[in-house]
Structures are given as structure tokens and as C-alpha cells.
Amino acid sequence: MSDRYDRAVTIYSPDGHLLQVEYAQEAVRRGSTAVGLRTNDCIVVGVEKRSSNPLFDERSMRKISMLDNHVVMTFAGLTADARVLISRAQAEAQSYRLNFERPVTVEYITRFIAQMKQNYTQSNGRRPFGLSCLMGGFDGDGKPHLYQTEPSGIYYEWTGSSTGRAGTTAREYMEKHAGDTVDSMDEQTAVKHVVRTLMSGTEQSEPQLDVAVLRFNQPLRMVERQALDDHIRAIRGEIEAEVKTRLVPNKL
Amino acid sequence: MSDRYDRAVTIYSPDGHLLQVEYAQEAVRRGSTAVGLRTNDCIVVGVEKRSSNPLFDERSMRKISMLDNHVVMTFAGLTADARVLISRAQAEAQSYRLNFERPVTVEYITRFIAQMKQNYTQSNGRRPFGLSCLMGGFDGDGKPHLYQTEPSGIYYEWTGSSTGRAGTTAREYMEKHAGDTVDSMDEQTAVKHVVRTLMSGTEQSEPQLDVAVLRFNQPLRMVERQALDDHIRAIRGEIEAEVKTRLVPNKL
Amino acid sequence: MSDRYDRAVTIYSPDGHLLQVEYAQEAVRRGSTAVGLRTNDCIVVGVEKRSSNPLFDERSMRKISMLDNHVVMTFAGLTADARVLISRAQAEAQSYRLNFERPVTVEYITRFIAQMKQNYTQSNGRRPFGLSCLMGGFDGDGKPHLYQTEPSGIYYEWTGSSTGRAGTTAREYMEKHAGDTVDSMDEQTAVKHVVRTLMSGTEQSEPQLDVAVLRFNQPLRMVERQALDDHIRAIRGEIEAEVKTRLVPNKL
Amino acid sequence: MSDRYDRAVTIYSPDGHLLQVEYAQEAVRRGSTAVGLRTNDCIVVGVEKRSSNPLFDERSMRKISMLDNHVVMTFAGLTADARVLISRAQAEAQSYRLNFERPVTVEYITRFIAQMKQNYTQSNGRRPFGLSCLMGGFDGDGKPHLYQTEPSGIYYEWTGSSTGRAGTTAREYMEKHAGDTVDSMDEQTAVKHVVRTLMSGTEQSEPQLDVAVLRFNQPLRMVERQALDDHIRAIRGEIEAEVKTRLVPNKL
Amino acid sequence: MSDRYDRAVTIYSPDGHLLQVEYAQEAVRRGSTAVGLRTNDCIVVGVEKRSSNPLFDERSMRKISMLDNHVVMTFAGLTADARVLISRAQAEAQSYRLNFERPVTVEYITRFIAQMKQNYTQSNGRRPFGLSCLMGGFDGDGKPHLYQTEPSGIYYEWTGSSTGRAGTTAREYMEKHAGDTVDSMDEQTAVKHVVRTLMSGTEQSEPQLDVAVLRFNQPLRMVERQALDDHIRAIRGEIEAEVKTRLVPNKL
Amino acid sequence: MSDRYDRAVTIYSPDGHLLQVEYAQEAVRRGSTAVGLRTNDCIVVGVEKRSSNPLFDERSMRKISMLDNHVVMTFAGLTADARVLISRAQAEAQSYRLNFERPVTVEYITRFIAQMKQNYTQSNGRRPFGLSCLMGGFDGDGKPHLYQTEPSGIYYEWTGSSTGRAGTTAREYMEKHAGDTVDSMDEQTAVKHVVRTLMSGTEQSEPQLDVAVLRFNQPLRMVERQALDDHIRAIRGEIEAEVKTRLVPNKL
Amino acid sequence: MSDRYDRAVTIYSPDGHLLQVEYAQEAVRRGSTAVGLRTNDCIVVGVEKRSSNPLFDERSMRKISMLDNHVVMTFAGLTADARVLISRAQAEAQSYRLNFERPVTVEYITRFIAQMKQNYTQSNGRRPFGLSCLMGGFDGDGKPHLYQTEPSGIYYEWTGSSTGRAGTTAREYMEKHAGDTVDSMDEQTAVKHVVRTLMSGTEQSEPQLDVAVLRFNQPLRMVERQALDDHIRAIRGEIEAEVKTRLVPNKL
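Protein chains in written order, with numbering that gives the first Met the number 0: chain A, 0 to 251; chain B, 0 to 251; chain C, 0 to 251; chain D, 0 to 251; chain E, 0 to 251; chain F, 0 to 251; chain G, 0 to 251.
Hints in this document: simulated from the structure, not taken from any laboratory. If you're wondering where the values come from, they're calculated on a predicted model, not measured in any experiment. Do not rely on the hints blindly, as some may be mistaken.
Residues from chain C shown here face chain D by an in silico Cβ test under 8 Å; the list is partial [claimed, not checked]:
1. 12
2. 156
3. 159
4. 176
5. 179
For glycine and all other residues, C-beta sits at the position ideal for the given N, C-alpha and C.
Next up, chain A with everything else stripped away, as it sits in the complex:
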């Protein structure tokens, strides 16, 4: 039935679905996992990356970008689409600064991105952006915010969220393990939590990750490779311990 309503322009199927938007969401679901977390005083974002390659400049494939010097973004989906959205959002943030002499709020720049996305779901002969974005940053009052937008142009605010290939698994993990305590986590714990969330959604034992921390009035700081490896090793230890604990009662 659906094979007639998903072509040429974004139109409704008889049961009220916008299939091109749902297929764009599928492109997101095929992307590498991205995670964001907001504590009381910092934003932590993390993302899986392609397996390492000695010829490759890792920084250039980094899926973590600044929209302005107080807002960081990561994403799952089509990287080329992301570059374009980031570029336009950066221009909007700069132009806002010039016109109003203060930085955009995190919600303002989120809404800007969301509306551009929605617009591409309702314009003749354009495809939706194949992109789910996590935007985190600080408003002028030092309050941190974390938002997520989808290909449809929908957006919500989260304490922590994830998207991409293992988005659902990862978010369930987050909800279960850190739901109530996120606000008061210290940076160290938050980073470890983001790493563990990313690990929850992958089968790789040595996952390649990029994790970054943004604090109020400070530049973005990428977490060092060494620190990440320490977290990964520690988490693996904890997981094994958990498994054993669980196995013991089973044997009883």
C-alpha cells in the first residue's frame, strides 16, 4: 500500500504518514550513535567514530561541532547534510550576535535548525534532512540546555538523550541508570556515564569514541584518548563484575 505515497514530493499516505520523513529517519537510524548529557554545570556529548586509520585525520571526521562558542552540536545521520545545517546555524548565530549584541539562546538556535528541517518536509521537490541533532549549550544566565531535533523538524529538551544506530538501546540504558541523578553528577561521572551509554549500544569491545565537555564561558574540551580508555577499561570491569554477581544467584 505504502509504495505509492513516498515519491517525488513529501506527501501524505492514506493513513496520514509522511513517508519521505520516515525514510529520512531511517537514514538517522543507520548512522553512528550519538549521546548528549546535561548536568547542572556542564554539557557532555559523545559519538561513535569510524575505526581508526593511520592515514586519516580524526579531527576532520569528528561529529562534534561548535555552532557558536557557547553551543556544541553532535548528530546521527548524513554527515554532508549536517555540515550544511551547521554552517547555516553558525551564520545565523553570528548574525544574531551582530544584530542584538548578545549570543543566541540554545533554544533559539535549536528552533532555527528545526524550522529549516520542517521547511524541507513541506517544500516542492526537496528531500528532508537525514539528520537527528543534539544541541547543548549555555544561555546568557549560565543555565545549561540540551535539545534534540529530528528530520521532521520536531524538537524537545532533554537532560540526556541519544540517537542513531543504537539510539533506542542507549536511551533506555540512560533512563535506567542515570535518570534521577544527572543534574547533580560531577563532570567525571557524566563523562563516564556518556561512555557507558555509548558502550551499551555497541558490540565492539574497544569502541572508537569522541567525547567532549562544554562548561560555561569555557572552550570545548575533547576528552583525551587516555582518559576514554581508562573509562572503557573500568566500565568493562564493572560489567564483568555485574555479570558474575548475576550469575551467582542463578546458580543457586
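Knowing the structure of chain A, use the given hints to seat chains B, C, D, E, F and G on it.
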């Protein structure tokens, strides 16, 4: 027969239907239920919300928005489409204020939204908005109004109405239980009536709701979680009592 | 044969039909019945309305609108399309007043609406308006006029006409019962005639109607509910009497 | 074979036909018959009209219009299309007067209409006008001219011509009965000839006709109902006489 | 195979054909025959015309037009398309005169027409002109030129050429009978040759023809009916004589 | 498989082909053969032409044109497309002269043509140019250059090349017989080589050819008919001699 | 399944793929192999070329171009598309110099190219560029950079990369043999490494290659034919030696 007339642009089927508009209405029918009520001195709007999540910022998913500081809107259907319509309506309201030095009437902003919707049903290569909106507010003379618009661009004024998944059930409930008395309800009763209407359309025993009250020259007030829970408990009690009452005669 | 010539744009079928225009006419034929009458000194328009509902504001669904303070319009077909046409016609009438310092003639505003309709039957990727309109009003010399336009953009002047679901039945009734005497009818008789015409096309015994009267240099006056009910009762009595009369000879 | 080349835009079929143009001509062939005649000093145009109706204002359905005060037009085909063409031609004639301080020639305004028609056969996504027009009038030197344009944009000058449902029959009649003598006909004879031509193409014994006469520097004059009836009666007498005459030799 | 490559826009078939252009050429092949001849001091153009009709103004159907007062054009194909091309070419010639204070050359105006034709074979959603044109005239130095353009936009210079229904037959006749002697023909001989060429391509014994002669710095002169009839009679005599001559040897 | 990817717009087939571009190349392959050669001090271009016709002006069908007075172009493919490209290139060359007060380089004008071609392979609803061009000329320093562009917009520089119906055969002939010696050929030898190359790709014993020579700061010179015939005769002699030589050893 | 989602415009297939983009990548995969390498102080780019031809000017087919005098680009895919991208990038670089009085960074010009590519994957009726590009150059601080962009508009920075027909094989070779040591390679070794990488992806024993070296503040230098041949011979020697070494243990 109909499978040929619903593609590419919004055109007529041989029996005079605009199928894309009807499919957009289907998107509305799949949305969460929204309810609006207008008494002599206040507007009450309520809407089902997604089940709670510790990581989620409930305010950002709230489907209740101000178009100006005297008009509130809720909706059923595509949230991303709603954001765009709200944003344009807010801009129009502001621009009206600047040009005419007084706020828009509730009907003016309703007509603005309705015409934008109609326009998308008659323009080349655009899909209709998948959105049913309830707009409530006060005109300059303090008189409250409640309007509803559909994807076709049609709009009507109501004392009370509902839309979305359980829209029809809910409206029937409203007509039966509060039709004549709405005008003179006090705020407390109106809120309870909105809650009960939302409950009439759901099978959840603990429905997640957002309910808000707007009074003349006052800011929008969200009804507290506690108050909602009290209403829900009270209503559940009443329902059980009713059922018993009805059972007794049946046994005779 | 026809299933190939009615899509995408308004084009001719091999036998010279514009099918999209005919399907739009079908949308008119599915609308509620509307009637207009022009006597020597007044315009009477009437229209069926949705069944009453205690939560519903009847005025907002009223299908009788002023295009300027001397021209009234009613219609059958897509209400959302009507709102747009009315809004543009109102703007045109106002702009005409500003430019020429006198009101538009009834024919001028009719032609404006008709040409907009025709234009939508010949433009790339737009659907025709699903709307049949009855425009009645007074020119500067106090002479009353009543016009009707169709989705094709065709328009004619009538002493009395009807459109919508029971348009044909109703018009036949009018021709038979009031053709020659319309000009000299007094307002009371004209209103009754409009009511009876609307009743001729419905099977409801208690039809819901809106009837309005426009006189030269006077505001539009809606006929009171009570007066309508009196007419309906009287007419029902007459019909029964007629039936009896007719039955007697049959028995002979 | 032809069913593939007649859609979406006006394109050629493999044998060099423009099918949309031919279908538009079909719409003309379904229209009521129109006739035009040019003598040395007057233009006579006539057209069948819908059967009379006491509620109907005959003037508003009249298919005879002035393009300027020296050029009259009648037509067969889509009336709504005609209204648009007439309106644009009137504007062109007025603008010409303003710019050049003299009226358009009959050929100028004919070419204007013809080029608009041709343009609609070669533009993306537009349908041809479903209209055959007869334009008659006087140039500045008092010389009368009569032109005919078709949906393709083709136009020719005629002493007398006809179009619409009975166009071919009527034109054959004209050629046979008045070909050589048209120039020198007096107005009375010309009107009678137009009436008889219209009668040649209909089976109705009491055809409803509109006939108008335009003379140099005089306003258009509609031929009175009474005069038309007299002509119709006289012509019917002549026809019967002819038939008898023909029957007598047959009996021999 | 070809039935997939000839629709919507002018695109290539797999074997490199532009089918819409070839179908437009087919429209030319269905048109009435046109012939052009260039001697040392005159241009003669001739064209078949529709059979005579007493009501018809032959001048208005004449397929021989002046592009400027020194260039004449005839054509085969869609007359409405021709009118548009002629009109634009006339405007270009006039504008050239104004800007450069001298007339266009015959090649300049030919190239103008040819490029407009080519443009319609490469533009989105437009059909090619269904028109083959013969343009003859004199450059400023008194030198005569004769050009031919096709629907593709191709154009060549000829001493003599023909196009339309009997284009190929007629051109073969021309090549055989007058190839070498065209330059030095006197006007009388040239006209007779054009008449005979037109006769070579028709089966009618009394063909209806328009023939015109253009000389340097002189107005176009249509050859009189009488002169054409004399030529036709003489040619018919010659043909019969030829046939007899040929029959005699056959009998031997 | 390919029959789905070659319509409406120039898009990729699943194996990465642009089929409309390849079909345009097919149109080139159906064109008459064209050859270009560049020695140290001259450009020689040659092209097959249609068989002679006494009524035809050979110059007007000449497929050798000047883009500016120092660049000559010949081509294979759609002549009407060529005329348009030539015309635009001439305008560009003239405008360059005006702006920069020196002539374009051969590469500049080649790139201009190539980019226009590429643009038509990537624009909505336009077909590629069906044209392969050979551009030869001299830069300001007197250095000769010869370029070739294809429908895709690709272009290369050559010492000698050929295109059209016998393009591949002809180029192979060129490579085999003159590859190394082209630079130092005198004009006479170069012309003969071009003639022989054209003859290598045709089966006609008396081929119709146009050959032209361009030298630095000199006007284009068409090689005389007589000279061409002498070359053809001489070459035929040489071929027969070669064949005999080859036959003798075979007989041994 | 996929055969429905890859036409007309670039839209999503149900599993979230952009098929036109993937087909464009296929066009890249059919192109000749290109390689780029960045050491601490130089950029080396190399590309396979068409087999030599005595009539062909090798420089004009060279797939190595300067975007500005400090950035070199090579590519795999559609050469005509490349020319257009190069031309626009050159213009952008020049305009940047004029506006900001300093050269673009390598990343800036890469992003410019990438965004143009992405734009063509999201615009109505345009096909993506069939092009993978390697851009290498020096920023103002003398730091070398090497980027690669794909048809989707994605781009990354590399120490060394390859694309085209043997792109994957070649890159695997690079990773294996030079991954860690690229930074510190001297120019000689880098060139040899590029040659060997190109050879790893071809079966030709005498591959035709173009290799170029760019150093800070120096013009681009093409590696001499002789030097390339020496490298090829040396590498062939090494390969044979390796094979032997490997064969010996096998024999044991």
C-alpha cells in the same frame, strides 16, 4: 478508485474529495487528544502527553503555546508543523501590535492560521499542514473566544471542543455532560471537566496530562501536577460510583 | 476513458471536458444547499446548517458573509475555500473604495471572484476552487442584484437561484412557484419563499436554517429563530393541505 | 495510439497533432452556436441561448460583449474562459487608446486575442483556451471587419462565419444562401439571414436567440424579442413553402 | 522502442533522436505546400491555399507576410505558431532599425527566427514550433537571399526550395527543371516556375494558389488571379504535350 | 535495465551512467564526420557535406564557422544546436575583447563552450547539447591550439582529431599515418592529410568536402574545389598503388 | 525494491538511502584512480591517465589542477563536472583574496566545494556531481593539508588517500605500507610511494601516470616522465624481489 487522485498535488477525486487534505486529517486523528473549553471568564486547554521520562524536559514537549500574551493554542497532529504555524502566528501577532498599537483579536489570528492552512491545500507541490488547532483567548473587551481550525483551513468557534485520537469520543462526552452549563462554570469545575473529557478518550488509568488556564489580563497558568492528580482520583471515584448506580437498577 | 485526463493539472479530456473543474463542481454538489432571492427592494439569502450542538457557536459556522456593507454572499462547497475567496473579495472592495471613493458594484465584485476562479482552472498545478457562490447586493443607485458563480469561473445574474446538495430540486421549485412574482414580493413573502425553497430540498422535518435579509443602506439582518420556526410550521401546514387536496381528486 | 500524447503539457503526437488543442476545439464544438455577418455598413452577430427561465437575468448570460465601443465579440465554448479573454482585451483596447490616442483596429485586437491563445498552447502546464471567438467592428475609416479565432490561436477574416455546436452546418448554409450578396445586404436582410443561419443549425422550433447590430459610430443595438419572433415566424413560413415546392416536383 | 522518449520534454531517444522535434516536423509535413525562388533580381514565393469560399476574406488567410518592408516570409505548418513568430520577427526588425538606423539583413532575421525555434527544443516544458519557414528578401546592397528554417532551428540558404505536404516532390521537381537557370530567370519565368512547382505537388487540376513577387526597393506584389490562371492553363497544356511526346516513342 | 533512468531529467543510472548525455553522444555519432589538425603554423579543419544540389547555397550549410577572427570551429551533431553555441561563443569573444582589450585565448573560448554544455547536463528539464566541437585558433603569442568538446562538457587539446559518423575510424587513421609528423607538416601536406582522413571514413568515391585553413593574423581561407579534387584524385591513386603493393606479396 | 526510489529527484528509499547519490558514487568508482599524500612539507598527488596518443595533448587531459596558487586538486569521476567545480572554486578563491586580502585556507575551499556538492543532492531536479576530489595545499602558516570530498558533499582530512576505480585497493595498500611514516617522508620517498600506490591498483605493467608535487610558496611541479619511469622500474624490481622472497618459504 481513489488511489489515483491522491498524489503529487492536492487535486479533486471524481466525487469531489481532496484526498491529501483527508489524509492530513488522518495525521490529526493519529495525534494525542487535545481539549479546549471557554467559560464566561476563562479559557481552559488540556492535552494528553507522552509518558513521563526522567531524562525528558516536559516543558519542551508541552503542546500548549502562547501566540501572544492573550491567546493560547493547543493542537493535535504533527508537532513540527505546529511549531512552524505557531512561530508564524506569533510573528503576525507582534507585527499587528506594532502596526495597529493593539493586540490581535482571537478571530484575527485564527483566520491568519486558517488561511495559511487553506493556501497549502491549493499550492503546487506542497502538502497540507497535518494539524488541528484549538486557539483560545480574550479580545480587547475581555470577551473570551475559542476557535478550532482543521487541515483544510476551515475554522469554527466553540464553547468547548476536542480533537486528535479521541477527539470524537471526547467531544460527544463534552456535549452530553456540560453543553448547557459551560458558560457559567467556575474555573475549578472547568478544569475538572477538561480532565474528565480527556479521560473519557483514553484507556490509561493514570493518564499524563497538561492542562492550562488563561484569564483576562493574566499570564497562562499551568495546572499543578498535584491538582491534576486530585482531579483524576476524584473522577475515577465518581465513575466507579456511576457504574455501581447503573448496575443496581440493571439487577432489579 | 476519463481516468487519464483528470490529474496533475486541469487539462482537457478528448471530448473537451475539464475534469478537475467538473470534480470541483461535485464538491459543490456535496455541500449544504444555499438559496438567494432578489425582490424589488431586498435580497434574501438562506442556507442549511449543521445540526445544532450546545458547544458550538453558530455564528462562526454561518455561511452568510458580507463582502462589503452593501453586498452579502452565501455559498455551497468547501468552506475553507470560501473563507479565502471572501477575504480577498473584501480586500478588493475596500481597496476599490479607497481608490475610487465609491463602493464596488455587485457585478464588479462578482467578476473579481469569477476571474479568480477561472484563473485557478488554467494555472499550472493548482486546483479549482470547490465553491459555488451567491452574491447579492445593491448598486449605488439602489438597484438590487443577485449573481451566482461556479468553480469554472462562469457567472450569471438571477432573480432567484440555489446551489449545493439540493440545488437543482430547489431551483426547480423556485421556478415553478415564484418565477413571475419575485420582483414584487414583500420581504415577509420573500423570506417564506426562501424557507420553503430550502425545505423543498431536504428530507428533514425540522431543518436547521440561516436566513438573512439585506435592504438598501441597511445592515444585514438575520431572520430570528422564532420567525423561521413560524414559517416552517406554516409551510408544513400548507404542504399537508396541498397533499390532502391532491388526494381527494385522486380518490374520485 | 493517441492516448499517450495528450497529457500534462501540450506536446506533439507522433503524427504531428497537438491533442490538447484539438480537445479544446472539442469544447468549442460542444458550445452553443454563434454567427457573425459583415455587410458594407454593419456587423450582425447572433448566438443561441439557454432556454428561458423566469428567474434568470438574460442579459447576464448574453454571449455578446463589447471589447471597446467599436468592436463587438461573440463566442462558442467555455464561457468562463471567454470572460477572462474579454476582460483582457478590453483592458488592452483602453490602454491602446491612452497610449496612441485612437481606438485599436479590429485586426489589432483580434491579433491580441489570437496571440494570447497561441501562447497558452506553448506554455508549460497551461491548458489552451476552450474558445472560438467572432470579433466584428469598425476601423477608424469606417470600414467594417469580422474576424474569427480558434483555440490554437489561428485567426481569419470573414464576410460571415459561424462556430459552436452547429458551426459547420450553419456556415455551409451561409455559403450557400448568402455568399455573394452579403456586402450589399441591408441591415434588415442581414439580421434575417443571421436568424435563419442560427435556425439552420438547431432542431428547436422556437429557438432562443440573441442578435445584435453594430453600426459605425453607433452603440450596439440588441434586436428586439418581437422582431426576432417575427423573423423566426417568417422564416418558418418560407421553409414550409420551400418544402412544398420541392414536394410537388417529387410527386410528378 | 520510441514510445518512451517522446513525452513531457524534448529529450533524446537512445539512438540520439529528438522525437518531439521530429513530430513537429510531421506537423510541417501535413501543412500546405510552400515554395520560394530567388533570381538575380527578385524573390518569388508561392503557397497553396484553402479552397475558395465566398464568405472568406482570402487576404486574411494569406500565408505570405512581410517581416519588414524588404523581407517576405511564407511557411508550412501551424498557422498560429507562424503568426507568433512573424510578429516577434517584425518587432525585432523594427527595433533593429531604431537601434542601428538600417534594415536587418535577410540572414540576421533568419537567424533570429532559427534561434527562437532552437530555444523551444531545449527549454523545459515547451513544445517546438511546428513550422518550416521560407524567408526571402534583399540586403542593403540589393543582393537577394532566400533562407529556409525548420522546427529544429536549422537554417540554410537556397536558390529555390519548397516545404509542406508536397515539399519533397516539389523540391525534386525544382532541382530537375530549373536548377542551373534560376539566377538568370526573368520574373515572368520565375513566377511560372513557382506555379509549376506547386502544381507538381498537388493532384488538384485547378489548384488555389497565392504567389507574390518582391523586388529591391519595391513593395510586395501579389500575382493577379488572372495571371495565375493563365500560367496554370499554359502549364497544363505543356504537360499534356509532354505526355503525348512521351507516349509516341512508347508506341513505337 | 537502462530503460528507466534516461527520461525527464539527466539523472544517473544505477551503474553511474548519465544516459541522456550518452544519447546526445549518439546524435553526434550520427552526424557527418569532422576533422581538425594543428601544425606549427596553421590550423586545418575539414568536414563532410551533404551531396551537392543546384538550388542549394553551399556556404549556408558550411559547418565551418569563425568564433572570432582568430578561432575557427567545426562540429558533428545537431546543426541547430551548433548555431546557438556558435552565436553565444561569438558574443562572449566580442564582450571579452571589449572588457579586456585583447582577444580570448583558444582555451578560454573552449572552456566557455564546455561549461555551457556541462550546465545543460545538470539543469532541471533541459537536454544536453547534441554536439561535438573542434575549435582551432591562435593565441596572442601566435601559438596554434586545437581543442575538442563533447556533449558532456568534457574538453581536451589535440594535435589532430576527428568526430562524427566516422570519427573513430578517422582518428585511428590519423594516429597511424601522421601522429609524429603533424607539427612540422607544411600547409599543403596538412590539407592533404585532412582530406585523406575524411576519405578514410567514407565509402563514397567522390566525397563532398569542405576544408579550411587558418593561419596567424590571416583570414580563414576555404580550400578551392579544384584543389580538393586534385587531392582526392591523388589520394585515390595512392590508395590503389598501396593496394597493389599489398596484393603482390600476397600473390607470392 | 530499489527501482522505485531513484528517479526524477534525489529522494530517500524506504531504508534511508539516497540512491542518486549512490549512483553518482558509482560514476566515481568507474573513474581512473587518483591518489594524494601529505608529508610534513609537501603535497604529492597522482592520477592514472589515458593511454598515450601521438595526437593528444597530454597537458589538456591532466586531471591535476590548481584551485589557487597554494592549493592543488585531483579527482576521480566525471571530468566535465570537475571542470565546473574547479572553475567555481577558483573564482571563490580569487574573490576571497580580494575581499579578505589573504588566501583561502585549504579547509575553506574544501568546504566550499563540499557544500556545492551537498546542495545538488537536495535541490529539485538536479543530479549530484559525479565526482570525488582530493584537495591538497598549504595554509598561511605553511601547514600542509589534504582533504577528500565525495558526491554526497561529505569531506574528511587525510594524511594520504585514494579514490576512483582502484580507490579501495590503493588506500588499503597505503595504510599497510606507509601509514605511520607519511609525515616524515622526504619528497622522493613520497613520490615513489604515490607511484607504488597507483601501481597497486592497476594490472597494467606500464601504467600511464601524472604525479605532481606542491611545496609551500612554490609553484606546482609535475614529476618528469623519466623520473616516473625510474620509479616504476625500481618498484617492479622490488615487487619481483618480494614475490621471490615469498615463494622461497612456500617451497620449503
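Now the hints, each set against the structure:
1. 12: holds (7 Å)
2. 156: Nearest chain D Cβ about 3 Å off; hint holds.
3. 159: holds (5 Å)
4. 176: violated (11 Å)
5. 179: It holds, given that the least Cβ distance between residue 179 of chain C and chain D is near 6 Å, below 8 Å.
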